[in-house]
Amino acid sequence: MTGKRWVFISTLAIMGLLLFVPSFHNDYINLTFRNILMYAAMSYGWNLIGGYTGYVSFGNVAFFGIGAYCSAVLSKTGVDNVFADVGLALVVCALFAIVVGLPILRLRGHYFGIATLGVALGLTDLANNLDFVGGSGGLNLKQADQAHFYLYYYAMWAVTLVCMLATFFIARSKLGYAFVAIRENEEAAQVLGISPTRYKVIAWALGGMMGGAAGAVFAPANGFVDPGTAFAVDNNVFPIAMAILGGMGTASGPFIGALLLSGVNEILQEKFLWLHSLFFGAIIVLIVVFLPRGLMYLVGLRGGVRRWLSDLRAFRV
Amino acid sequence: MTEARDICLRVENVGMRFGGLRALDDVSFEVERGTILGLIGPNGSGKTTMMNVVSGVYKPTSGRALFEGKRIADFPTHEVCHLGIARTFQVVKPFASLTVRENVAVGAMYGRFGAKRSGKDAFARTDELLESVGLARVAGRPASDLTIPDRKRLEVAKALALDPELLLLDEVMAGLNHTEVDEALHLLRAVNERGVTLIVVEHLMKAIMSISRRVVVLAEGKKIAEGLPLEVTSSPAVIEAYLGARFAKRQQQERERQT
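Protein chains in written order, with the working numbering: chain P, 83 to 399; chain E, 8 to 266.
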């Protein structure tokens, strides 16, 4: 399970390089990379429940949205501090994950995924109709000036780094083994003393906190939050696709996936303004068909094309 | 028996229904601490169902199973191993993406003494176990790469990692060849000598007869015989269950003719 050490070290090195992005003094580059980091953090959040425990969630955008709205509400009450934003998001997301997770994570397999869809949709509707958070019109936060613009970049970078390191250490801890045991065989895990509901809720809550932290930094950086941006479909789908491309259940996968998929998306958007979503969707389909275990799997592959084909067959009917 | 026996598992009138199917019907037996009980019976006789009841996977629809005086059904499945009961699965269930060592370590981390163990301690315990069951040579391989006998060994190692007092072995010898069966029997005796009580479910009559102190025979969900291995195999009810009524009758007639 522990994967290749050099891959993770390379990932950290790339992460280190991203620290120098603000020195380009280019708002477009800054924004692009801040988004990559944001998606990476969300992807790490999804990866804990979807990749490690194997419970595919289609509602993790809920946490991102909650985090964003936490910051918006704090800003409304006059608090303008990124640490407070992230702190509140962590607490609220963890509580929300536990309260919602306890009933829905008792469900096995696909039913959990369906239930999470409901969670995301329900929260979008709630945000649309709560006047307290601006309803469908959304909320304006204090507009970020240039200094803050860079501050939020570093904040997003720090959030992503923590997600990455947390995933790395969780995967090597007792906790990580409980998650993977549930994914590989829930009944066998149970007989070995693992309470599936408890560990699934822990995975969901930790992942939720990651997504929430990303949302909490996004909102003040963006200066505006409404249900459409907080609970955007892209924010739900991209992190999943990124984790799959990079490699589910690995500590490097989500970041590598975010970097590559965002790059591809940028290029497609530039070349094919109208059809880029179509091409982007096609790429996701191709990944799932030919590389269901992601790039990290290729890195660890011994036995060349033959092994790849025989492993692929294992995913077929 | 006059002397007081030290009973660790008491199965009292256990019944298990699945819809209209009576998988177990009023089955009772006891297991003495430190012994090996053989549980045999033809296909579909309820052996695995009984394993599932004793390991807490199923809650019996009637009767009860008591381990050290505690009703097993009162505990959620994941806590039964903390009572000191471990089991193997007839259809082996390895964690395929984990290595052999990691598979066993999960048991050591979350089993009876798991809460007291750090990850490092769990791996240390695992290495001892792998050595004793003969899996040390494949410790670093993914579990999905193992041969059938090694998969069975892995099942036993995972169960032992829970530090059980009572170990339920569900057909760990099925599919093994003659030498492999002998190795398995040797391993089970060694485990038993370390003080672990065993319930061995098996199809192979020969294997079970050589290892069990006592034998319980199930057929169509009912207990049809119990006793010493030799007593049980000569019981007409057992012969009938295994070989059919006509065969049992003919044997009976032959025996009468001889006397």
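Since the hints were derived computationally from the structure, they do not count as laboratory data. A virtual CB, placed ideally from N, CA and C, is assigned to each residue, including glycine. Just to be clear, a hint being listed does not mean it is correct.
[Claimed, not checked] The list that follows gives simulated cross-link-like pairs (lysine to any residue, SDA-like), each with its CA atoms no further than 25 Å apart:
id	chain 1	residue 1	chain 2	residue 2
1	P	Lys353	E	Leu237
2	P	Lys256	E	Lys66
3	P	Lys256	E	Phe82
4	P	Lys256	E	Glu138
5	E	Lys77	P	Phe250
6	P	Lys256	E	Arg144
7	E	Lys123	P	Phe251
8	P	Lys86	E	Pro149
9	E	Lys127	P	Glu268
10	P	Lys86	E	Pro236
11	E	Lys66	P	Leu212
12	P	Lys86	E	Phe82
13	P	Lys86	E	Lys123
14	E	Lys66	P	Leu189
15	P	Lys256	E	Arg124
16	P	Lys86	E	Arg144
17	E	Lys123	P	Phe250
18	P	Lys158	E	Lys66
19	E	Lys66	P	Thr279
20	E	Lys127	P	Arg280
21	P	Lys86	E	Asp134
22	P	Lys86	P	Leu394
23	P	Lys256	E	Lys77
24	E	Lys66	P	Pro185
25	P	Lys256	E	Arg108
26	P	Lys158	P	Phe251
27	P	Lys224	E	Lys77
28	P	Lys224	P	Thr311
29	P	Lys256	E	Ala143
[As the list claims (entries may be wrong)] Label-pair restraints from in silico Cβ distances:
id	chain 1	residue 1	chain 2	residue 2	range
30	P	Ile91	E	Pro83	57 to 63 Å
31	P	Val244	E	Arg17	18 to 24 Å
32	P	Val370	E	Ser242	55 to 61 Å
33	P	Glu269	E	Arg24	53 to 59 Å
34	P	Asp393	E	Ala181	27 to 33 Å
35	P	Leu208	E	Thr154	50 to 56 Å
Right, here's what the structure says about each hint:
Taken as a hint, the P:Lys353 and E:Leu237 pair is broken in the structure, with Cα atoms around 83 Å apart against an allowance of 25 Å. Using a Cα cut-off of 25 Å, the hinted pair P:Lys256 and E:Lys66 is violated, with the two alpha carbons roughly 29 Å apart. Note on P:Lys256 and E:Phe82: the hinted pairing holds, with a Cα-Cα distance of about 23 Å set against a maximum of 25 Å. Restraint check for P:Lys256 and E:Glu138: satisfied, since their Cα atoms lie roughly 22 Å apart, inside the 25 Å limit.
The hinted pair formed by E:Lys77 and P:Phe250 fails the criterion: a straight-line CA distance of about 41 Å is larger than 25 Å. Pair hint P:Lys256 plus E:Arg144 holds up; C-alpha atoms about 24 Å apart against a cutoff of 25 Å. With a C-alpha separation of about 20 Å, the suggested pairing of E:Lys123 with P:Phe251 holds against the 25 Å cut-off. The suggested pairing of P:Lys86 with E:Pro149 holds, with an alpha-carbon distance near 15 Å, which does not exceed 25 Å.
This hinted pair checks out: E:Lys127 and P:Glu268 have alpha carbons roughly 24 Å apart, not beyond 25 Å. Proposed proximity of P:Lys86 and E:Pro236 is contradicted: the alpha carbons are some 53 Å apart, above 25 Å. With a CA separation close to 46 Å, the supplied pair E:Lys66 and P:Leu212 exceeds the 25 Å bound. Distance restraint check for P:Lys86 and E:Phe82: the Cα-Cα separation of roughly 40 Å exceeds the 25 Å cut-off, and the hinted pair is therefore not satisfied.
A distance of roughly 29 Å separates the Cα atoms of P:Lys86 and E:Lys123; the hinted pair therefore is violated under the 25 Å criterion. For the given pair, E:Lys66 sits about 19 Å from P:Leu189 by alpha-carbon distance, which is consistent with the 25 Å threshold. With a CA separation close to 10 Å, the supplied pair P:Lys256 and E:Arg124 stays within the 25 Å bound. For the hint linking P:Lys86 to E:Arg144, the alpha-carbon distance of about 22 Å falls within 25 Å, and the restraint holds.
A C-alpha spacing of about 23 Å is found between E:Lys123 and P:Phe250, which places the hinted pair at or below 25 Å, so the restraint holds. Distance check on the hinted pair: P:Lys158 and E:Lys66 sit about 54 Å apart at the alpha-carbon level, beyond 25 Å; violated. Of the supplied pair hints, the one linking E:Lys66 and P:Thr279 holds, its CA atoms being roughly 19 Å apart against a limit of 25 Å. Only pairs whose Cα atoms come within 25 Å are accepted, and E:Lys127 paired with P:Arg280 is accepted, the gap being roughly 23 Å.
With a CA separation close to 22 Å, the supplied pair P:Lys86 and E:Asp134 stays within the 25 Å bound. For the hint linking P:Lys86 to P:Leu394, the alpha-carbon distance of about 21 Å falls within 25 Å, and the restraint holds. Of the supplied pair hints, the one linking P:Lys256 and E:Lys77 is violated, its CA atoms being roughly 29 Å apart against a limit of 25 Å. About 22 Å separates the Cα atoms of E:Lys66 and P:Pro185, which keeps this hinted pair within 25 Å; it holds.
In summary, the hint linking P:Lys256 to E:Arg108 is supported, as the alpha carbons are separated by about 14 Å, within the 25 Å threshold. Between P:Lys158 and P:Phe251 the CA atoms are separated by roughly 36 Å; this puts the pair beyond 25 Å, and the hint is violated. With a C-alpha separation of about 62 Å, the suggested pair P:Lys224 and E:Lys77 falls outside the 25 Å cut-off, and the hint is violated. Straight-line distance between C-alpha atoms of P:Lys224 and P:Thr311 comes to about 17 Å, which keeps the hinted pair within the 25 Å bound.
About 21 Å separates the Cα atoms of P:Lys256 and E:Ala143, which keeps this hinted pair within 25 Å; it holds. In this structure the hint that P:Ile91 and E:Pro83 lie 57 to 63 Å apart at CB is violated, the actual value being about 41 Å. A beta carbon spacing of about 52 Å between P:Val244 and E:Arg17 contradicts the range 18 to 24 Å that was offered as a hint. For P:Val370 paired with E:Ser242, a C-beta distance near 59 Å keeps the hint of 55 to 61 Å intact.
Hint check: P:Glu269 to E:Arg24, Cβ distance near 21 Å, so the stated range 53 to 59 Å is violated. Distance hint check for P:Asp393 and E:Ala181: the Cβ-Cβ separation is about 28 Å, which falls inside the suggested range of 27 to 33 Å. Range check, P:Leu208 to E:Thr154: about 55 Å between beta-carbon atoms, so the 50 to 56 Å window is met.
Of the hints listed earlier, those the structure fails to meet are numbers 1, 2, 5, 10, 11, 12, 13, 18, 23, 26, 27, 30, 31, 33, in rising order.
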